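With the sequences and hints as input, model every part of the structure.
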Amino acid sequence: MIIILAIDALEYELVEKFNCQNLKQKFYGKTDISEFSQPRTIVLWSSFMTGKNKEKEILLKGKKEMWNTKFDIKDTFFSEFKNPAIFDLPGFNYNKEVHDKSRTLLKKFFEVKTEKEKEKIRKEYNKDAFDHHKKIKERFLKAIDKNHDLILGYFSVVDVIGHLNFGNNMLMRMLYKEMDDIAKKCAEKNCPLLILSDHGMKAIGKFGDHSDYGFWSLNLNKNLKTPKITDFYRIIKSLR
Amino acid sequence: MKTIQEEKRMSIVIVGHVDHGKSTLIGRLLYDTNSLPRDKFEEVKETCEALGREMEFGFILDHLQEEREQGITIDTAQIFFNTEKRNYVIIDAPGHREFIKNMITGASQTDAAILIVDANEGVKEQTKRHAYILKMLGLKQLIIVINKMDLVNYRKDRFIEVKEDLLNFLLRLNLGPSFTIPIVAKNGDNIAKKSENMPWYKGKTVLECLDTFQSMRKNSDKSLRFSIQDVYKINNKRILVGRVEAGVIKKGDEILILPKKKKTKVKSIEKFLENPIQGEAGESIGITIQDSLFIERGNVICKEVGDKPKVTDKIKANVFWISDREFNINERITLKLATQEVSAKVEKIEKRIDSSTLKEIETNAKNLKNNEVGVMVVKTLKPVVVDNFNYIPELGRFVFEKDNGIVAGGIITEEK
Amino acid sequence: MDHLSELESKSIYIIREAYKQFHNIAMLWSIGKDSTTLLWLCRKAFFGKIPFPILHIDTGYKFPEMIKWRDEYAKKWGLNLIVGRNEEAIKAGISPKNKLECCTALKTEALKQTITKHKFKALLLGIRRDEHGIRAKERYFSPRDLEFRWDYKNQPPELWDQYKTKQDDEEHIRVHPMLHWTEIDIWEYIKKEKIPIIPLYFAKDGKRYRSIGCKPCCLPINSKADTIDKIIQELKTTSISERSGRAQDKESAYMMQKLRSLGYM
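Residue numbers (my numbering), protein chains in the order written: chain A, 270 to 509; chain B, 60 to 475; chain C, 3 to 267.
Rather than coming from a laboratory, the hints here were simulated on the basis of the structure. Hints may be right or wrong, so weigh each one.
[Claimed, not checked] Derived lysine-lysine pairs resembling DSSO-like cross-links, with alpha carbons at most 30 Å apart:
#1 B/K438 / B/K194
#2 C/K217 / A/K382
#3 B/K99 / A/K387
#4 A/K382 / B/K104
#5 B/K292 / C/K217
[Unchecked claim] DEER-style ranges, computed between Cβ atoms:
#6 B/K326 / C/G50: 14 to 22 Å
#7 B/E184 / A/D369: 52 to 60 Å
#8 A/K286 / C/S263: 20 to 28 Å
#9 B/R145 / C/K196: 26 to 34 Å
#10 C/S263 / A/R408: 48 to 56 Å
#11 C/G62 / A/R391: 28 to 36 Å
#12 B/E267 / C/K77: 52 to 60 Å
#13 A/R391 / C/K206: 27 to 35 Å
#14 C/A255 / A/L328: 20 to 28 Å
#15 C/G50 / B/D350: 42 to 50 Å
#16 C/K121 / B/C107: 48 to 56 Å
#17 C/G62 / A/L328: 38 to 46 Å
#18 C/G95 / A/K343: 52 to 60 Å
#19 C/H120 / A/R391: 51 to 59 Å
Source: prediction; values computed, not measured. We put the beta carbon where it would ideally sit given N, CA and C, even for glycine.
Given below as structure tokens:
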């Protein structure tokens with residue numbers, strides 16, 4: 270079995286700052302995403318699973334349509350496995366409704382004028398993110414006890430919460446601790462474990478913007494230094 | 060209306076090993092004394108619930124650490140809390156990485172300390188080192204809290220075991236805690252309320268203990284020491300400015316100016332827009348004197364009659380090294396004591412001691428490293444005016460400076 | 003000695019230390035209550051004759067009352083007032099429409115230019131530990147690098163009134179003589195000393211400013227406190243932070259722009 274923990278916007282600097290040992294594993298570092306014009310979530314995960322830079326292709330769809338991107342399993346490294354279980358991955362099988370809603374709320378947050386309205390929206394936005402996270406987490410943790418040869422869990426909570434709360438050190442610390450605990454549970458399975466983020470996050474005041482590198486960690490030594498996100502297609506195949 | 064002026068304020072420092080629960084204790088103190096807006100705690104609680112985790116009070120401290128130097132702050136808070144008796148301010152709350160130099164900086168500004176120990180893990184190296192520093196800084200009001208009693212099933216025997224272990228160490232330092240309390244910081248056991256889980260503990264809660272302490276006494280009842288900071292010429296008056304370190308200085312006092320033992324009389328006490336007749340310990344004032352003598356920064360004034368500080372070029376001291384940069388006995392170093400600054404050499408390092416075990420590493424040593432204590436004889440290039448640390452701390456303590464920064468703190472045990 | 007006298011004595015000691023150590027220093031005066039109190043303490047430290055310049059950074063967007071008030075007291079107290087303005091940026095029309103750029107150019111840049119021009123080695127500032135959380139970690143003497151950055155994780159130790167005194171060529175030292183004061187202490191002291199304070203702090207038509215800066219970025223709070231006593235009373239019962247009146251939307255605007263480019267909106 271191989272486990273992949275795909276964590277949106279997990280920031281290298283914060284993993285260090287909060288000293289998340291389980292997220293770091295034995296080998297860890299930054300990824301190089303400089304080949305992309307912007308650190309866009311959907312573009313990065315699509316490129317990850319297909320092993321090809323999909324930026325051009327996806328941008329052609331336009332800002333709205335790009336979120337509907339859906340790659341066939343044949344185009345991804347998942348097809349190399351007999352019994353893969355993939356949870357909520359953008360560009361593949363994510364719960365579009367949930368993720369659309371959070372983007373809508375985000376937009377609304379910036380449109381409303383008063384602090385009171387903003388606060389109300391932020392609360393709803395955060396609550397949705399946590400609720401969704403709990404569901405995915407439960408399904409994912411159940412699945413790692415079953416007989417899959419590949420399990421990929423995609424967790425968006427760090428990104429979603431981060432956009433509106435990055436300046437809230439407390440929330441961020443709690444989230445990183447939460448993700449660190451999930452990583453711990455994965456590590457207990459004693460199988461190859463890859464932890465990967467598409468990009469990290471940096472502060473714009475209290476908000477969070479995407480940083481222009483991602484995070485990776487692995488419990489095996491594959492001599493990775495600053496790999497590109499498309500390199501993992503090959504790396505994962507070599508883990509089998 | 061009661062004003063802050065009438066109220067007392069006390070500053071405290073919370074020290075101990077990094078994982079023994081300082082943040083949780085602070086979070087709980089703020090919570091139990093209603094010192095932070097409730098919505099902050101609600102947010103922690105809600106998030107813990109949303110993530111299906113146990114409530115963690117330590118997270119509240121992150122609200123106090125918005126890492127934003129410029130621009131506008133969102134979550135502002137103070138590390139202040141109140142009891143009915145007074146206001147407390149916690150100096151240098153724990154951060155991401157903990158350096159001894161930060162702990163020393165914090166503890167040197169406070170009136171009282173809480174030393175925290177994990178009941179399960181017991182006394183660690185850092186616990187002992189922090190205790191040593193408290194002793195060195197002359198902090199006498201100390202509470203020991205033995206935390207996480209829930210992890211040891213609230214057992215009295217374990218409490219006593221950890222307590223004895225630490226007390227044995229403190230005894231060697233000649234430092235006695237005022238109180239030792241079994242607590243569970245995260246649940247609030249014995250913080251503001253007596254714990255129902257530990258009926259065998261009959262003592263006070265943490266807050267009750269803090270309220271028994273006194274704000275640092277000023278040395279007004281001791282003999283006069285006035286350190287000169289600078290000399291100003293204002294409207295043709297030559298004003299010697301500085302701080303009264305101990306005692307009281309009055310108009311008309313017969314005084315000696317050290318180290319040269321020049322005799323004169325206080326002509327006036329100077330404060331802007333005031334006409335005071337005296338200045339007391341802790342006060343920043345100016346004075347004018349009868350005779351025109353050469354006076355400079357670093358001179359110390361005492362009374363002609365009564366006890367006087369020592370003027371010497373040789374002192375014996377305990378020196379705590381707090382720099383990564385190792386000290387070699389052959390190097391010159393700058394000694395700064397109140398407003399005095401002189402070049403000095405270390406004549407002898409009689410003992411080199413590990414501050415956490417109190418073990419003697421070496422006698423007659425040539426070097427001193429970070430976190431080590433040297434019992435040493437210091438020879439200054441010019442005479443300095445000093446007191447024993449136990450008598451007048453302000454003139455009995457000094458720092459060593461090297462390459463732009465403080466590298467050690469020392470207390471004078473003997474004036475040779 | 004009472005509480006306020008203790009605070010005062012400690013601050014005066016630090017001000018005198020800073021002047022003795024660096025000589026070429028200036029005090030940053032924002033015309034607000036904190037730095038006006040600091041100015042008062044400086045006058046006391048030097049018996050009414052402050053031997054160094056008082057620096058005001060004028061962004062061109064300050065309340066007109068502030069400028070009038072500043073000039074009135076600068077004259078009354080015989081201050082050596084230096085007004086720092088980033089004339090180039092003001093001419094280029096930089097305005098609060100783009101807040102991030104505005105603050106950087108008109109405040110930070112203007113301060114940098116003024117420090118460079120006068121070669122100040124240290125600046126006295128009226129910040130307090132209770133202003134916000136991270137300030138609890140400040141030192142009385144705090145080095146800043148060329149970019150004005152503060153490396154709070156790696157600060158020099160400070161004990162027994164011995165402060166960082168020497169400096170490398172590339173940095174200046176910020177001196178904070180009032181670090182140990184609280185917002186209430188400030189008002190109590192203003193009352194005791196009868197320090198003149200700009201009237202914007204006192205309620206008029208149900209509104210007052212709790213903190214003042216540039217006019218477009220300051221929002222008044224609802225308040226009936228038109229005397230110092232009422233302000234102190236108000237502060238004792240409020241749990242809202244001091245700076246919440248300042249507009250926060252410069253980051254919002256920038257963030258929206260970023261989210262758009264990332265495809266979120």
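Structure-based check of each hint:
1. For a cut-off of 30 Å, the pair hint linking B/K438 to B/K194 stands: about 25 Å separates their Cα positions.
2. Taken as a hint, the C/K217 and A/K382 pair is honoured in the structure, with Cα atoms around 20 Å apart against an allowance of 30 Å.
3. For the suggested pair B/K99 and A/K387, the alpha carbons sit about 17 Å apart, so the restraint of at most 30 Å is met.
4. Note on A/K382 and B/K104: the hinted pairing holds, with a Cα-Cα distance of about 28 Å set against a maximum of 30 Å.
5. A C-alpha spacing of about 41 Å is found between B/K292 and C/K217, which places the hinted pair above 30 Å, so the restraint is violated.
6. At about 19 Å, the beta-carbon gap between B/K326 and C/G50 stays in the expected band of 14 to 22 Å.
7. Here the CB-CB span from B/E184 to A/D369 is close to 54 Å, well matched to the stated 52 to 60 Å.
8. Restraint check, A/K286 to C/S263: a C-beta distance of roughly 27 Å satisfies the suggested window 20 to 28 Å.
9. Checking the proposed 26 to 34 Å range against B/R145 and C/K196 shows it holds: the Cβ atoms sit about 27 Å from each other.
10. C/S263 and A/R408 have their C-beta atoms about 33 Å apart, which leaves the hinted 48 to 56 Å range violated.
11. A beta carbon spacing of about 34 Å between C/G62 and A/R391 agrees with the range 28 to 36 Å that was offered as a hint.
12. Our hint of 52 to 60 Å for B/E267 and C/K77 holds, since their Cβ atoms are close to 55 Å apart.
13. Distance hint check: the CB atoms of A/R391 and C/K206 are about 33 Å apart, consistent with the given range 27 to 35 Å.
14. Between C/A255 and A/L328 the C-beta distance comes to about 25 Å, which sits within the given range of 20 to 28 Å.
15. Hint check: C/G50 to B/D350, Cβ distance near 26 Å, so the stated range 42 to 50 Å is violated.
16. For C/K121 and B/C107, the hinted distance range of 48 to 56 Å is satisfied, since their beta carbons lie about 53 Å from each other.
17. For C/G62 paired with A/L328, a C-beta distance near 42 Å keeps the hint of 38 to 46 Å intact.
18. Our hint of 52 to 60 Å for C/G95 and A/K343 holds, since their Cβ atoms are close to 57 Å apart.
19. A hinted range of 51 to 59 Å is violated for the C-beta pair C/H120 and A/R391, which are about 45 Å apart.
Violated hints, in rising order: 5, 10, 15 and 19; the structure is consistent with all others.
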